[in-house]
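S.K.: Taken in order, these protein sequences are the chains called A and B. Each residue of the first sequence is one higher than the one before, counting from 27 in this note's numbering. Each residue of the second sequence is one higher than the one before, counting from 257 in this note's numbering.
Check each hint, because a few of them may be wrong.
Unchecked claim - Just the calculated beta-carbon pair ranges, DEER-fashion:
hint : chain 1 : residue 1 : chain 2 : residue 2 : range
1    : B       : L564      : A       : L264      : 53 to 61 Å
2    : A       : S164      : B       : I580      : 32 to 40 Å
3    : B       : W348      : A       : G42       : 57 to 65 Å
4    : B       : L381      : A       : G248      : 21 to 29 Å
5    : B       : F413      : A       : D137      : 42 to 50 Å
6    : A       : H199      : B       : L572      : 39 to 47 Å
7    : A       : G43       : B       : I374      : 47 to 55 Å
8    : A       : G43       : B       : V553      : 26 to 34 Å
9    : A       : R134      : B       : L288      : 30 to 38 Å
10   : A       : T167      : B       : L264      : 55 to 63 Å
What the hints assert, rightly or not - Subject to a maximum C-alpha distance of 20 Å in a straight line, what follows is the list of computed EDC-like cross-link-like pairs (lysine to aspartate or glutamate):
hint : chain 1 : residue 1 : chain 2 : residue 2
11   : A       : K158      : B       : D466
12   : B       : K577      : A       : D137
13   : A       : K206      : A       : E155
14   : B       : K578      : A       : E147
15   : A       : K120      : B       : E457
16   : A       : K29       : A       : E85
17   : B       : K445      : A       : D92
18   : A       : K185      : A       : D256
19   : B       : K445      : A       : E93
20   : A       : K119      : B       : E402
21   : A       : K120      : B       : D502
22   : B       : K445      : A       : E143
23   : B       : K262      : A       : D92
24   : A       : K215      : A       : E165
25   : A       : K119      : B       : E409
26   : A       : K216      : A       : E200
27   : A       : K106      : A       : D87
28   : B       : K445      : A       : D87
29   : A       : K106      : B       : D466
30   : B       : K445      : B       : E455
31   : A       : K119      : B       : E455
32   : B       : K445      : A       : E155
33   : A       : K120      : B       : E455
34   : A       : K119      : B       : E421
35   : B       : K578      : A       : E150
36   : A       : K114      : B       : E574
37   : A       : K120      : B       : E574
38   : B       : K577      : A       : E165
Think of the hints as simulated: they come from the structure by calculation, not from any bench. Note that beta-carbon positions come from the ideal geometry of N, C-alpha and C, so glycine has one too.
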Amino acid sequence: MPKTVLRVVDVVKRFGGIVAVDHMSMEVYENEILGLIGPNGAGKTTLFNCITGVYRPDEGDVYFMDEKITGLPPHVIIQKGIARTWQKVRPFKKLTVLDAVTVGALLRIPDVDSAQEKAKEVLEFVGIEKEKWSRLGSEITLIEHKLVDLARALATEPKLLLLDEVAAGLRPHEMDRLAKVLLRIRDEKKITMIVVEHVMRFVMGLSDRIVVMHQGRKIAEGSPQQVASDPKVIEAYLGTKPL
Amino acid sequence: MAKPNKILGIPRRNFYGIIVFALILSTVPALLRFNTYYVYLATDIILIASLVAAWNIIGGYAGQLDLAASAYMALGAVVTGNLLAFYGLTPWLGIPIGVLIALGVAVAVGYPTFRFGIKEVWYALLTAALVVILSRIYWLIYGSTETYLPTYEWSWFYLRFNRYEPFYYMLVVMLAIVLWINYRIRHSKLGYYLNAIREDELAAEALGIDVRRYKLYALMIYATLASIIGGIYVCITGVVGYRNFDPWLGITTAVMGIVGGLGSVEGAVMSGMILRTLEDYLRGTIGSQYPGSHLLVYGIILIVVGVLKPEGLASLIEYVKKRIPWLKS
């Protein structure tokens with residue numbers, strides 16, 4: 027039985043009358059890539075925000091390594107070891123690539139010079155060319171932004187990494203590049219990941235296990251093949267067959 | 257790339273830069289042939305440059321549009337000034353007391369402000385209001401009368417002189433210290449964190465930065481420096497009154513910092529010096545013929561700079577650096 031890294035228990039998040047996350051429960055096991063999919067508005071990003079402390083859940087609890095982390099602020103949650111990237115890239119536009127990643131590394135290494143060394147290591151790991159390191163955040167391409175965001179999060183030495191639509195807007199060959207990096211993160215750094223994704227080819231090929239959300243609830247769970255043939259999932263994505 | 261050598265916690269290059277800059281500035285009174293009025297103007301320009309450099313910590317690094325520079329500066333000024341005028345206390349003790357009070361106000365305002373996430377234009381409004389509120393409070397306590405400090409021919413103890421040169425050199429030292437603190441912050445964890453907060457607060461917090469705490473640190477350092485500058489300022493002018501709390505000065509400080517290019521202390525100092533010189537020059541020339549017209553011209557120049565160089569003067573410095581290879585590290 028693999029170790030449980032993250033446990034989400036009956037989490038509810040409402041915005042006014044809308045229930046964005048509705049009694050959602052799931053578990054994430056050590057060293058797996060969990061794909062979290064669902065149609066637009068299914069509540070995936072809201073669930074991410076509840077886990078990382080951006081929102082406080084209205085009901086339910088989140089446990090990380092058997093420790094309750096419900097409602098803690100984001101800067102405390104990352105100290106525990108949960109890092110994330112954002113659906114829309116959030117670059118530090120006026121900072122160089124190296125400095126942006128150094129900001130992440132400073133969480134565990136308070137000395138600037140050593141943090142910079144760590145940042146270089148991580149940048150090399152995710153595969154950003156050396157000549158890009160001195161570019162400003164406003165001067166790099168989308169795939170580089172995604173990789174810098176990823177490097178920034180990795181530099182904080184997380185145990186669990188939450189990736190919110192990393193592949194969105196990328197070309198197919200860029201997605202392959204990204205997928206390789208993610209697999210290396212799992213295999214070499216032994217980091218568990220939750221990947222929210224719309225691009226099915228990407229997430230189906232990458233994930234060890236898939237959870238499907240629809241209207242704030244979990245409707246299916248299993249291996250990519252199981253989930254893809256589940257009638258409830260097909261219904262959520264395509265609607266019911268006309269008579 | 258070799259590890260950069262550091263002196264006093266800042267890169268060697270910046271350290272020598274400060275020394276050379278201070279040495280060049282110290283020749284200015286002689287170049288002005290010790291003309292009292294010109295030396296006074298030079299003193300005023302260095303004072304504003306130091307204030308803008310101090311503002312750079314909260315405005316440039318932390319990205320908070322603070323318009324209360326004159327509030328912290330005036331707190332230093334009125335505390336130092338009143339202690340000297342009424343109790344004969346030396347400014348050498350008056351300034352530290354002024355700093356403590358300014359720090360107290362900074363924490364009392366900053367803590368709830370950052371706690372409730374007040375930022376951007378709302379932070380600007382709040383800080384602009386702080387100047388006015390403090391001015392009214394002072395007015396309620398002391399009334400509208402202005403207090404004059406005792407005069408001395410030449411007293412280092414009371415920091416009163418009948419010339420401006422001692423103040424000029426004190427402020428050159430002060431400017432050097434403020435620059436050093438700026439560089440020191442930029443090359444430390446605090447600087448990296450403040451820059452990250454300026455660029456994207458939410459992303460910064462998700463990287464483990466306690467945003468409120470670091471903003472408060474920046475505010476406290478800035479309030480300390482501004483109140484020391486205020487303490488020196490009151491000894492120069494020799495007048496204490498509610499007018500020390502000057503909203504216009506708070507706004508111009510921020511304007512100079514923005515024109516300089518947010519986050520670049522070199523740009524901030526340069527723009528502080530250029531704009532203040534310009535303001536004084538216009539006041540002395542067309543301002544005397546058509547009162548107030550210098551502000552009009554000043555405003556037009558600001559707009560032109562804003563349209564042509566929205567990145568600020570710092571981008572000009574970068575441009576020059578790229579053209580002259582040996583200026584690169």
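S.K.: Are A/K120 and B/D502 close enough, with their CA atoms no more than 20 Å apart?
M.R.: Violated, at about 32 Å.
S.K.: For the pair we were handed, B/K445 and A/D92, check the Cα-Cα distance against 20 Å.
M.R.: violated, 32 Å
S.K.: Given the proposed pairing of A/K185 with A/D256, does the C-alpha separation stay at or below 20 Å?
M.R.: violated, 31 Å
S.K.: A/K215 and A/E165 were given as a pair; does the straight-line alpha-carbon distance stay at or below 20 Å?
M.R.: violated, 29 Å
S.K.: For the pair supplied as a hint, B/K262 and A/D92, is the alpha-carbon distance within the 20 Å limit?
M.R.: With a Cα-Cα distance of about 45 Å, the restraint between B/K262 and A/D92 is violated, given a limit of 20 Å.
S.K.: Is A/K120 close enough to B/E574, meaning Cα to Cα at most 20 Å?
M.R.: Distance ~13 Å between A/K120 and B/E574 Cα, so the pair holds.
S.K.: Look at the Cβ atoms of A/H199 and B/L572 and judge whether their distance stays inside 39 to 47 Å.
M.R.: holds, 40 Å
S.K.: A/K119 and B/E421: Cα distance at most 20 Å?
M.R.: Violated. A/K119 to B/E421 sits at ~43 Å, over the 20 Å cutoff.
S.K.: Under the criterion that the straight-line Cα-Cα distance not exceed 20 Å, is the pair B/K578, A/E147 satisfied?
M.R.: Since the Cα atoms of B/K578 and A/E147 sit roughly 28 Å apart, the hinted pair is violated (cutoff 20 Å).
S.K.: So if I understand the rule, the pair passes when the alpha-carbon distance is 20 Å or less; does A/K120 with B/E457 pass?
M.R.: Cα-Cα ~14 Å, so holds.
S.K.: A/K119 and B/E402 were given as a pair; does the straight-line alpha-carbon distance stay at or below 20 Å?
M.R.: violated, 48 Å
S.K.: Return holds or violated for the Cβ distance of A/G43 and B/I374 against the range 47 to 55 Å.
M.R.: violated, 28 Å
Hint compliance for this structure: hints 2, 4, 7, 8, 9, 10, 11, 12, 14, 16, 17, 18, 19, 20, 21, 23, 24, 25, 26, 28, 32, 34, 35 and 36 are not met, and every other hint is.
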